[in-house]
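K.L.:
Below are the chains, spelled out letter by letter.
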Amino acid sequence: MRWTRAFIGLNFFYSIALLAALAPASIAVAQTANSAARFAVVLDAAHGGDDTGGRLASGQMEKAATLAFSVRLRSLLAARGMAVITTRESDTAVDPAIRAQIANRSKAEACLSLHATESGSGIHLFTSSLQPSQPARFLPWKTAQSAYVEHSIALAGALNSALLHDGFNVTLSRTALIAVDNMTCPAMAIEIAPLRGPDGKVTAEPDDSDYQARVATTLAAALLEWRLEPRQP
Amino acid sequence: MIPRHQKILFSVLLAAALIMTGVLWHLRQRAHQRLLAGEDSAPTKAPEVAPTEQATLLVANDADGSLLVQARSLPLPGDPNARARVLLGELLDLYAAPDAAHPVTGGASGVAQVFLLPVPSSKDSQNSGDELAVVNLTGNFAASHPSGLETETLTVLSICGTLRANLPHVTKVRFLVDGQQRPNLAGHADLTRTYLTADAVPTGGANP
Ligand SMILES: [Zn+2]
Chain A
1 MRWTRAFIGL NFFYSIALLA ALAPASIAVA QTANSAARFA VVLDAAHGGD
51 DTGGRLASGQ MEKAATLAFS VRLRSLLAAR GMAVITTRES DTAVDPAIRA
101 QIANRSKAEA CLSLHATESG SGIHLFTSSL QPSQPARFLP WKTAQSAYVE
151 HSIALAGALN SALLHDGFNV TLSRTALIAV DNMTCPAMAI EIAPLRGPDG
201 KVTAEPDDSD YQARVATTLA AALLEWRLEP RQP
Chain B
1001 MIPRHQKILF SVLLAAALIM TGVLWHLRQR AHQRLLAGED SAPTKAPEVA
1051 PTEQATLLVA NDADGSLLVQ ARSLPLPGDP NARARVLLGE LLDLYAAPDA
1101 AHPVTGGASG VAQVFLLPVP SSKDSQNSGD ELAVVNLTGN FAASHPSGLE
1151 TETLTVLSIC GTLRANLPHV TKVRFLVDGQ QRPNLAGHAD LTRTYLTADA
1201 VPTGGANP
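So the sequences go chain by chain: A and B. The first sequence lines up with residues 1 to 233 when you count with the working numbering. The second sequence lines up with residues 1001 to 1208 when you count with the working numbering.
Pulled out of the complex, with its shape left as it was, chain B reads as follows:
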C-alpha cells in the first residue's frame, strides 16, 4: 500500500511537470514569433538608386566560337566589386536565355561574388594600379555548365573580356567555385591558372 503523503507528493510533481511543459511550449512559441517579426523588421539593404550606365558585354557564340561586343544600358552600383558582379550577372543572364547562342543555365546567380584586389607591380611592391578580379562562381553554375573545350573556354574568356571592357584596371582574373580552387570548370577549362584579360579580345572567331 502506497502511503498517502507519497501519493500527494507524486500528484504535486506531476502537476508541476505538466505546468512546466506548458510554460516551455509557450516560451518557445513566443521566441519563434519574435524571430519571425525580427526578420520582417530587420533593416534591408537601402534601395540603391544606381544610375543607368552604358555597359559593354563580350558575348560568346558557340556556333563560330566568337566573342561579340554587345552594348547594354544597366543600373550599375558605384562599388567596383558590386559593379563587376552586376556586369557578370547580366552576361550570365544572357547565357541562361532560352535562345542563347552560348547556352549555360543558372543566370546571374551563377556569380556569387567578385573581389577586386590590387596587383603589386613586379619591381617595387607598390601598387601598379592594375587589379586582379577574383570571380567566385557557384557550385551549381559549374555543375550545370556544359562540358567541352570550346564552351568552357568561351565562358572564361567572355567573363575576362567583359571585366576588361568595363573595368580597364582589371588585368588578371582568377576563378573560385564556392570559395574553393577547382582544377577545371566542367572537365576542360583550367581554373588553377591566372587569366590575362588582354587575351580575351572580341573576335570574329569564325573562319571566312
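Same shape as in the complex, but just chain A:
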C-alpha cells in the first residue's frame, strides 16, 4: 500500500518534470510556426496579498503600483494585437513558482516581471544572472531560464534602446531573479523608479499615472518592434 502510494507520487513528480522539460521544445515550435499568428506576452505584476513589496513615497504599496502598471500595459499590448497573459489581476498573493508556471505554460515571446521602487531613478531593467546554457529536453527548475538568457538579454537590449530613445534614464543589469530564473521564455524584470530632474529631485513618483502611461507606451511600441524582428528560434 505504502509502496503503491510512493510509486504514484514518484510518477507524479516525473510527469511534472517532463512537462517542464517539454515546454522549451514546444516554444521553439511555436516561435517558428506561429510567431506571425500569435505573439504572447506574460505580464507578472510582482508582489500581492501579504507580500506588499516596498512602500512608495505616495503612501501606496508597491504591489498596487505594479498591478496598476500591468493593467495599463495589458490594454496597450492587446490593442496592438498581442495575446497578454497576466499572473494576477487583483491583490492576491501568488507563489513565485506559480508565476513561473503560468509563464511557462503560455509559450510567450516575452515575460515581464514588473516592480516599482522609491530608490534610484528612471527604469531599472534586469535579466537573470544565470550563465547561458544550451536548450535541452530536461531543464533543472531552479535554472530553467539559463537556456533563454541570450534571448532575454536581446529583449532587454531592445526595451533599453526604446526607453533611452524616449528620454528615460535606464540602468541595465543582471541579477538573481526570483520567479524569472524559473521561466522558459525570454524574460526580464522591469522596475519603475521615480523620475528625477538633473538636481536629483523627484518629478514623478513610480505610481504617477502619466509617468506609468509614458513608460507603458514606450514598452508597447518596443514589443511590437521586437515581434517583427527576425530571430533565431
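Source of the hints: derived by calculation from the structure; they are not laboratory data. For clarity, every value in this text was computed on a predicted model and none was experimentally measured. Treat each hint with caution, since some may be false.
Computed Cβ-Cβ distance ranges for the label pairs, DEER-style [said to hold, decoys possible]: (1) Ala1050/B - Ser90/A: 33 to 41 Å; (2) Ala1050/B - Thr217/A: 50 to 58 Å; (3) Ser1144/B - Pro140/A: 29 to 37 Å.
Glycine is no exception: its CB is placed at the ideal position from the N, C-alpha and C atoms.
Got chain A sorted already, so can you dock chain B with the ligand onto it with the hints?
P.N.:
Relative to the frame of chain A, chain B with the ligand by itself:
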C-alpha cells in the same frame, strides 16, 4: 485573651523578620555594587594598534546602478574575520552618510559578524585555498533597508565586491540576518543562494 508567652513569641518573630529583611536588602545592595565595580574592572579588549592600510571599497550608486572603486586608508586588524567586518563596516558607514549615493541607514553596526570558512575543492575534499564568507547582517539593517530590485542587488554586490577586492581568497558569499537564513533582504534580493564574488565586478553600470 492572648497568653503572654504567645505575645512575646510573636514580637520576637516579627523582630526577626524585620532584621532579616534589612540584612537581605543590604546584601542585595552589596552584590549590585560588586557587579557594577566588576563591570568597570573587567579586562576590556586590548587596544589594538591596527596598522593603517590601503583598502578598496566597491561603492554602489543608485542613480546609474554602478559599483565604483574607492580607495581608503583604514586601520585594519590582522585577524581576517575582523578585517572583513571592518571593511564592510566602512562600506555601510558610507551608505549611512547623509548625502550617500546608495542610502541605507544603520552604518557599520549593520554587519554583526563575518566568518571566513574554507571552501573544499570539488574533486578531492581538500582545501582549495578559496574561502566562503558568511556575512551576518543585523535584523535592524535588513528592516531599514529600502525595498527594490536595484537597491537590494547593489547592496549585495557591493558587499561581495568589497570582500573580493581586499580578500581575494573569498570566492563565495552567503548572507544571514541575525544568525538565521532569510528568503530575501527587503523583499527582493535572494538571500538563500550563494553569491559568487566574481559576479561583483566594478562597472560603469550606466548607459552611455
Ligand atoms: Zn518589487
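K.L.:
It remains to establish, for every hint, whether it holds in the given structure.
P.N.:
A quick look at each hint next to the structure:
1. Ala1050/B - Ser90/A: 33 to 41 Å: At roughly 57 Å between Cβ atoms, Ser90/A and Ala1050/B fall outside 33 to 41 Å, so the hint is violated.
2. Ala1050/B - Thr217/A: 50 to 58 Å: 57 Å, holds
3. Ser1144/B - Pro140/A: 29 to 37 Å: 36 Å, holds
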